[in-house]
Amino acid sequence: MFWLTASTIVATFMAIAMIAIRLKAAKKPATVKKIILPPLFMSTGAFMFLFPVFRVDMLQVLEAIVIGVIFSVFLIKTSKFEIKEKDIYLIPSKAFAFILFGLLFIRIIIKLVIGSTISFGETSGMFFLLAFGMIVTWRLAMLYKFKKLEKNLVINRNAI
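Under full-length UniProt numbering, the residues of the sequence shown are numbered 1 to 160, in order.
Since the hints were made in silico from the structure, they are not lab data. Backbone N, C-alpha and C fix where the C-beta goes; we use that ideal spot for every residue, glycine too. Some clues are possibly wrong.
Calculated cross-link-like contacts (lysine to any residue; reagent style SDA-like; alpha-carbon spacing at most 20 Å) [stated by the list, open to error]:
(1) 145 x 70
(2) 148 x 36
(3) 84 x 26
(4) 24 x 148
(5) 148 x 57
Ranges of calculated distance between the beta carbons of each label pair, as one might list FRET restraints [as the list claims (entries may be wrong)]:
(6) 43 x 110: 34 to 40 Å
(7) 53 x 8: 33 to 39 Å
(8) 51 x 10: 25 to 31 Å
(9) 10 x 150: 23 to 29 Å
(10) 80 x 3: 36 to 42 Å
(11) 41 x 150: 37 to 43 Å
(12) 2 x 147: 42 to 48 Å
Modelling step: build the complete structure from the supplied sequences, incorporating the hints.
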């Protein structure tokens, strides 16, 4: 029970930090680098799988990644860009905080359900994969939207 509580508290603080970072980032132009770096930095967490306690079966890997991709749909829908003064900005969504905490709540419920049948290490591994699947899918969609808008921006600059 201690680990469930501790991990929930940490996840809550991470969600709050993510909301604050996203609001701050909306004040500066978006770049490809800012879109692709978070999943790259997060990928270092995969080193956890070097330790047997965190390893999961291929079926669990698939389940976690598929759920992460499904969860990413909510983030993709709320991530929109706009052109301001010849730069591309991410528009802060009012729904983002609610979606993030909603996903956190769902993760806690899932953790409670599977936590009694799967070890803490395996659960940690699965939730890392879920989060990684979610952020990679979300960021790829953001990159696609950004590049599409960037292409329009270049066409408009050349037309002037």
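Going down the list of hints, with the structure as the test:
Simply put, residue 145 and residue 70 have alpha-carbon atoms about 18 Å apart, close enough for the 20 Å limit, and the pair holds. Our distance criterion of 20 Å between C-alpha atoms is met by residue 148 and residue 36, whose separation comes to about 16 Å. For the given pair, residue 84 sits about 12 Å from residue 26 by alpha-carbon distance, which is consistent with the 20 Å threshold. Between residue 24 and residue 148 the alpha-carbon distance is near 23 Å, which puts this suggested pair outside the 20 Å criterion.
Using a Cα cut-off of 20 Å, the hinted pair residue 148 and residue 57 is violated, with the two alpha carbons roughly 38 Å apart. For residue 43 and residue 110, the Cβ-Cβ distance of about 23 Å falls outside the hinted range of 34 to 40 Å, so the restraint is violated. About 20 Å separates the C-beta atoms of residue 53 and residue 8, a value inconsistent with the hinted range of 33 to 39 Å. Checking the proposed 25 to 31 Å range against residue 51 and residue 10 shows it is violated: the Cβ atoms sit about 19 Å from each other.
A beta carbon spacing of about 36 Å between residue 10 and residue 150 contradicts the range 23 to 29 Å that was offered as a hint. Roughly 37 Å separates the CB atoms of residue 80 and residue 3, a value that falls within the hinted 36 to 42 Å. For the hinted restraint 37 to 43 Å between residue 41 and residue 150, the CB-CB distance of approximately 23 Å leaves it violated. About 45 Å separates the C-beta atoms of residue 2 and residue 147, a value consistent with the hinted range of 42 to 48 Å.
In summary, the structure is inconsistent with hints 4, 5, 6, 7, 8, 9 and 11 from the numbered list given earlier, while agreeing with the others.
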